[in-house]
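**Q** Following the hints, position chain H against chain Y.
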Amino acid sequence: MTNLISSEVRELAAKDYQYGFVTDLETDVIPRGLSEDIVRMISAKKNEPDWMLEWRLKAYQGWLAMAEPKWQNVGYAPIDYQDIIYYAAPKPKKVLASLDEVDPEVLAMFDKLGISLAEQGRLSGVAVDAIVDSVSVATTFKSKLAEVGVIFCSFSEAVQNHPDLVKRYLGTVVPRKDNFFAALNSAVFTDGSFCYIPKGVRCPMELSTYFRINTADTGQFERTLIIAEEGAYVSYLEGCTAPMRDTNQLHAAVVELVALDNAQIKYSTVQNWYPGDADGKGGIYNFVTKRGKCAGVNSKISWTQVETGSAITWKYPGVILQGDNSVGEFYSVALTANHQQADTGTKMVHIGRNTRSTIVSKAISAGHGQNTYRGLVKIRESASGARNHTQCDSLLLGGDSGAHTFPYIEVKNPTAQVEHEAYTSKIGEDQLFYCRQRGISAEDAVSMIVNGFCREVFKELPMEFAVEAQKLLSVSLEGSVG
Amino acid sequence: MMLKIENLHASIGGKEILRGVNLEVRGGEVHAIMGPNGSGKSTLAQVLAGRDNYEVSGRVLYDGQDLLALSPEDRAATGVFLAFQYPVEIPGVGNLYFVRTALNAVRRHNGLEPIDAIDFLALARERMRLVEMDESFMTRSVNEGFSGGEKKRNEIFQMAVLEPKLAILDETDSGLDIDALRVVAQGVNALRSEGRAMLVITHYQRLLDYIVPDVVHVFAEGRIVRSGGKDLALELEQYGYTGLDQSRSLASAGVPDRATP
Chain Y
1 MTNLISSEVR ELAAKDYQYG FVTDLETDVI PRGLSEDIVR MISAKKNEPD WMLEWRLKAY
61 QGWLAMAEPK WQNVGYAPID YQDIIYYAAP KPKKVLASLD EVDPEVLAMF DKLGISLAEQ
121 GRLSGVAVDA IVDSVSVATT FKSKLAEVGV IFCSFSEAVQ NHPDLVKRYL GTVVPRKDNF
181 FAALNSAVFT DGSFCYIPKG VRCPMELSTY FRINTADTGQ FERTLIIAEE GAYVSYLEGC
241 TAPMRDTNQL HAAVVELVAL DNAQIKYSTV QNWYPGDADG KGGIYNFVTK RGKCAGVNSK
301 ISWTQVETGS AITWKYPGVI LQGDNSVGEF YSVALTANHQ QADTGTKMVH IGRNTRSTIV
361 SKAISAGHGQ NTYRGLVKIR ESASGARNHT QCDSLLLGGD SGAHTFPYIE VKNPTAQVEH
421 EAYTSKIGED QLFYCRQRGI SAEDAVSMIV NGFCREVFKE LPMEFAVEAQ KLLSVSLEGS
481 VG
Chain H
1 MMLKIENLHA SIGGKEILRG VNLEVRGGEV HAIMGPNGSG KSTLAQVLAG RDNYEVSGRV
61 LYDGQDLLAL SPEDRAATGV FLAFQYPVEI PGVGNLYFVR TALNAVRRHN GLEPIDAIDF
121 LALARERMRL VEMDESFMTR SVNEGFSGGE KKRNEIFQMA VLEPKLAILD ETDSGLDIDA
181 LRVVAQGVNA LRSEGRAMLV ITHYQRLLDY IVPDVVHVFA EGRIVRSGGK DLALELEQYG
241 YTGLDQSRSL ASAGVPDRAT P
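Quick mapping for you: the protein sequence lines, in order, are chains Y and H.
Take the first sequence: its letter number 65 is residue 65 in the working numbering, and every next letter is one higher.
Take the second sequence: its letter number 62 is residue 62 in the working numbering, and every next letter is one higher.
No lab work stands behind these hints, which were simulated from the structure alone.
Remember, predicted model here, so these are calculated numbers, not experimental data.
For each residue, glycine too, the CB sits at the ideal point set by N, CA and C.
One should not assume that every hint holds.
What the hints assert, rightly or not - Here are a few chain Y residues that sit away from chain H, every Cβ distance over 12 Å (derived from the structure):
#, residue
1, T27
2, F141
3, G200
4, R387
5, Q417
To be verified - To spell it out: a stretch of chain Y is covered by chain H in this simulated footprint if at least three of its residues, at any positions, have a beta carbon under 8 Å from a beta carbon of chain H; those stretches are:
#, segment
6, 431-444
7, 447-457
Just chain Y, with the same shape it has in the complex (with noise of 0.2 Å):
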């Protein structure tokens, strides 16, 4: 069977990535390198007010005083900051009236993407916003969502359109400076989504935006604002795709969410961004800050996240539980195969009496993945009765990965409770030859059982996304025995 297991292994290697191929538009594309310039240039192709340039300037000085981070247990070679295009963006054949305007071989992307933005088309009822390269090339159900209130869309819109709100929101819970990669990302970020949903709105259909990279050499810096006002609810998803390259991309989003008093935000992403190829050639960095606040009391914040792309996965989504009994969550599943690299998990900073948060985390690793499980449970002083559990699962496939766990735990309140339960576990071979034996082939066997291993995550996923994921894990795994 080790023979078997390991030709297998080298199946997976071999697995092709499904969306990387290259669609032809004609971009917008401004030089290399980063400035002051380019800064303001980026600032100026988008014709932004004042305060916005000067926000991006000074994110930018305070990023050329930082130095980028070495902490982490992931390797790759120098990042050329002055080689990146900061600016891409499809060129608009003219100003868009309707979606029946965006350009058809943009629609015919996303088509192939397997996500159809003509607004009849759509069955599902999910809003999307779709963004290519540096830019959101369409919004849909924008006017079915105005009707109960809620805002959903672009970043570029939102800055020109309901400022104040930007103003009021904007690096509040990720400042400008919070590390290295996003103050590069407040300085030159392109666009992004925008989310508000108004006092006491449940927003009635699923918020999702698409990322997808298509230029060639140029990095995706998006940035999402999401605010749930007192009582209101929302569920968004994000997934993302891009072309197969030689050369190392670099994704540095933001993302913010704020939900005030009885709130409650719901952040599910499916990542699937290029991994490289199977000698660890190309493929996507994803430097990624995340971070919800829980602002008010009984307000709740849930990231769940199915990983299975990029070359290296860099982020902790967290919580800041700053409202009385609010709670925090987050759900992870995240896999490395060939020589993909993740140092993922997440941080929730409990601050407010009686906060509660969960974390459960699902790695595997698969040929020469390396998978780090990274996470900080931190209670305040003031955080009297905080409850932490916390569970992170490890599955090893084959015997060139690795699985490692980093769990860091402070706790200056002595009321609080704190979890931390870890299993690392190998698909055996006797768990693959009962499967077998009970007449499942190997494939399925190791699909079944993974999947298994992931349950607890998938089923806080959305039904259509859970769905997604587990296709996407199959598809990712097969032929992966170990």
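**A** This is chain H only, laid out in the frame that chain Y set:
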């Protein structure tokens, strides 16, 4: 002849465990294989089911085909079933989902349409009753948190659903209290039929009070050293394996060289 084993050898890491097993089993027969711990009984079960950690030589004909040439899943599809001595846990995979996936894999292999969820549920309910399994075991993860007895019942339940032609029960009685033993044996007996052969591997005679075999084989040091009718088991009970060895050497002329009664 359903199963014909000829001079079967198996070794692992250079250590020979099976040293020339010969055995013939007809459809409808129940054969008990008894022997002390470490005599190679479980290895025989694993080798027949297709576990490939072993270096194997010799010949096994099953329904006229070369069993050793088939993958474990193909063996299962042609009707070979192993009730595991240590059933494996699969967290997060529902028990019923698992069994249905297995049944449909076997059906697909045999050119049949997959059974739909509703028909399957009816079938599963009926077969669970055979081993007095509570319906809560339908949705629990495969064997996870099951007691020893529950795991063994689950094996017989799976066997009842898959309806194999050749069932190998590897120490199905180990770790069972007397009530669980009775229930499991009752399930097995209900599945005895003309077209189905069973190899019941056990260390103790007590299982054979409930599942009465047609033939009893004594296994020692990697081969069958003696075969006889069901009374042989009683003799074993009385003299133990060592006593039997002596009685065998005294009466070696009377040992049948073919493993049929």
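**Q** Which earlier hints can't be squared with this structure?
**A** none
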